[in-house]
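Start from the sequences and build out the full structure, keeping to the hints where you can.
One-letter residues, chain by chain:
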Amino acid sequence: MDFLQTLKIALRALRTNKMRSFLTMLGIIIGIAAVIAMMAVGSGASYVISQQIASIGSNIILVLPGSTTSGGLRMGSGGSQTLTSDDARAIMAECPSVLRASGTTRTTSQVVYGNMNWSTVIMGATPELFDIREWPVVSGRSIGQQDVDGAAKVCLLGQTVVDNLFNGEDPIGKIVRIKKIPFTVVGVLESKGQSPQGTDQDDSVFVPLRTAQVKLSRSPFPNSVGAIMVQAGSEALLTKAEEEVNSLLKQRHRITGGKEPDFTTRNLSEILAVAEQSSKAMSLLLGAVASISLIVGGIGIMNIMLVSVTERTREIGIRMAIGARTKDILWQFLTEAVLLTMLGGIIGIILGTAGATVVSRILEWPTLISVQSITVAFLFSGAVGIFFGFYPARKAAGLNPIDALRYE
Amino acid sequence: MGDVISLSGIRRVFIMGDQQFEALRGISFGVTTGEFVAIMGASGSGKSTCMNILGCLDRPTAGQYLLDGIDVGGMDADQLAAIRNRKLGFVFQGFNLLARTPAVENVELPLVYAGLSSRKRREMALAALEQVGLSGKEFNHSSQLSGGQQQRVAIARALVNSPAVILADEPTGNLDSATTAEIMSLFTSLNKQGITVIMVTHEQDVAAYAGRRITFKDGQIIADSRD
Ligand SMILES: Nc1ncnc2c1ncn2[C@@H]1O[C@H](COP(=O)(O)OP(=O)(O)OP(=O)(O)O)[C@@H](O)[C@H]1O
Ligand SMILES: [Mg+2]
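Protein chains in written order, with the working numbering: chain A, 1 to 408; chain B, 1001 to 1227.
None of these hints come from the bench; they were simulated from the model.
Keep in mind that the hints are not guaranteed to be accurate.
Unchecked claim - 25 Å max Cα-Cα, derived BS3-like pairs, lysine-lysine:
1) A:Lys192 - A:Lys174
2) B:Lys1120 - A:Lys327
3) A:Lys250 - A:Lys280
4) B:Lys1137 - A:Lys8
5) A:Lys174 - A:Lys215
6) A:Lys180 - A:Lys153
7) A:Lys327 - A:Lys8
8) A:Lys280 - A:Lys192
9) B:Lys1087 - B:Lys1192
10) A:Lys280 - A:Lys259
11) A:Lys327 - B:Lys1087
12) A:Lys8 - B:Lys1120
Written out as structure tokens, the structure reads:
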């Protein structure tokens, strides 16, 4: 019997019980739609994370004041005043694997322009920071060494700050007030989007480090920095650079023997690799849930196919009496099951794609639908049909023609 | 040569649990090409059991069955399916047409399993339907046909692959006397064209259409008469 005829018979059988066919397919539809949507959202998440990793800059080590607990949490965050601008300079000068280092301070404050004001993060930084983070200005100029040395009252604005203070006005050369001190805006930074922690990196203002230390901070230690950002010469040098920074700072801070260091180094790419891994684990988990729903759908198919074989026992008998061979009957029912699951698969792919698109619109979260995931989903739905359709089909093919003909 | 069907010493024992029942107890007869045979006998005498064996739907417990000179005893299920497809045509008491399927597709069914192209199938099926006088009803579903018309579709299906023998188990059992007469004259005319027909019936006047009557009783032949 030719394939076209088999397909025609299977289609007719599915059409006779439209509602039942659809309900049977539903399990597969939901399963495949879930798989497609999960894969899309999951690979979207990986994409976002890798973008964020790139947005931080490459090969970065963060040095923070205070020591770590065994759980890896930093104690007394910001409370210690142990890191200084001199530490940052020394790291850059003395650690051979280090390319650049920049001390930074961080505080939050209102920024006022005319009658507009906006609460944001004020970062103190040296010019190296913008190289480390690969963060250029889109207009005006960046902060220079002379600004730091002279504690100049100049600032760079992040895009979000510009949007909230300047109503389409060009901010370059304008005066904004931070803690009542007037600062001249010399540049606007390129937009960077969200950080891996989910904060808006463009919602910040940068001032020269020295300015932040002496004009904005009321700290009794004007030389202290909140963190030092270090960039290793290359990815291969990352671990070496971290070791060098550690031993240099221990030496500078006179930490000997088993004494707990008063600073912590963290390798940012490692942290983000962990984040990426957990997002992969998450999509794997969701994939597992989707697979379970596919298996449940498959069992539904098997159940209905068994009912269908029983209902059509007489038809099977007629076909056998007329000359259908065992394999003709086997193929007929297998085709029917595979047709059910593949139709379900196609509908599922369409729904899953639509669902992922809606999710990405509403949550503004990128979703990636790959040809590969669609192909896998389609083939998988077919495989479910073969797997769960085989037993009922074999049952039909194994019927005795006389018994089947007599069946009421 | 000569005999299209030759049965010798056919026995059929049904085993139900620890009970045994011998439905056929040594049946032997031959049928020559072009004969019209009626098989008669009381209910439970083994007529249908014998027809199932003749139709290669069932296997005898003992004895030999030659169809067209070939021993079908040693054949496997698929070979028997091929024999049913090429050499035999079935007509049942209950018509046994596929529901929700147009008449012409019912008639095409044996040709589908014979592997013919769809054009050839359609051509032959339409010719067979014309032969049984059903032109104009080709695309009606079986539920849209009368009992007599349904049996004509079944007969068209039985003869479409030009079988050596048409086997009919009580073909008129579900029909009224007028329709019975129509169906019987159809069988007679097919037989006149050279097709061998073996038919089971309970009714004397139906059996009268046949040229030979074999009577069963308790799994044995008690009478075999020709006109
Ligand atoms: N599959 C079976 N299992 C057990 N016994 C069977 C089976 N098929 C038939 N029989 C028995 O064999 C005997 C002959 O049955 P068969 O159907 O051949 O009778 P029949 O002559 O066709 O009767 P009727 O005229 O009523 O159709 C009956 O007693 C029946 O009970
Ligand atoms: Mg009977």
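For each hint, the structure was consulted:
| no. | hint | verdict |
| --- | --- | --- |
| 1 | A:Lys192 - A:Lys174 | holds, 23 Å |
| 2 | B:Lys1120 - A:Lys327 | holds, 23 Å |
| 3 | A:Lys250 - A:Lys280 | violated, 37 Å |
| 4 | B:Lys1137 - A:Lys8 | holds, 22 Å |
| 5 | A:Lys174 - A:Lys215 | holds, 19 Å |
| 6 | A:Lys180 - A:Lys153 | holds, 12 Å |
| 7 | A:Lys327 - A:Lys8 | holds, 17 Å |
| 8 | A:Lys280 - A:Lys192 | holds, 24 Å |
| 9 | B:Lys1087 - B:Lys1192 | holds, 18 Å |
| 10 | A:Lys280 - A:Lys259 | violated, 39 Å |
| 11 | A:Lys327 - B:Lys1087 | holds, 20 Å |
| 12 | A:Lys8 - B:Lys1120 | holds, 17 Å |
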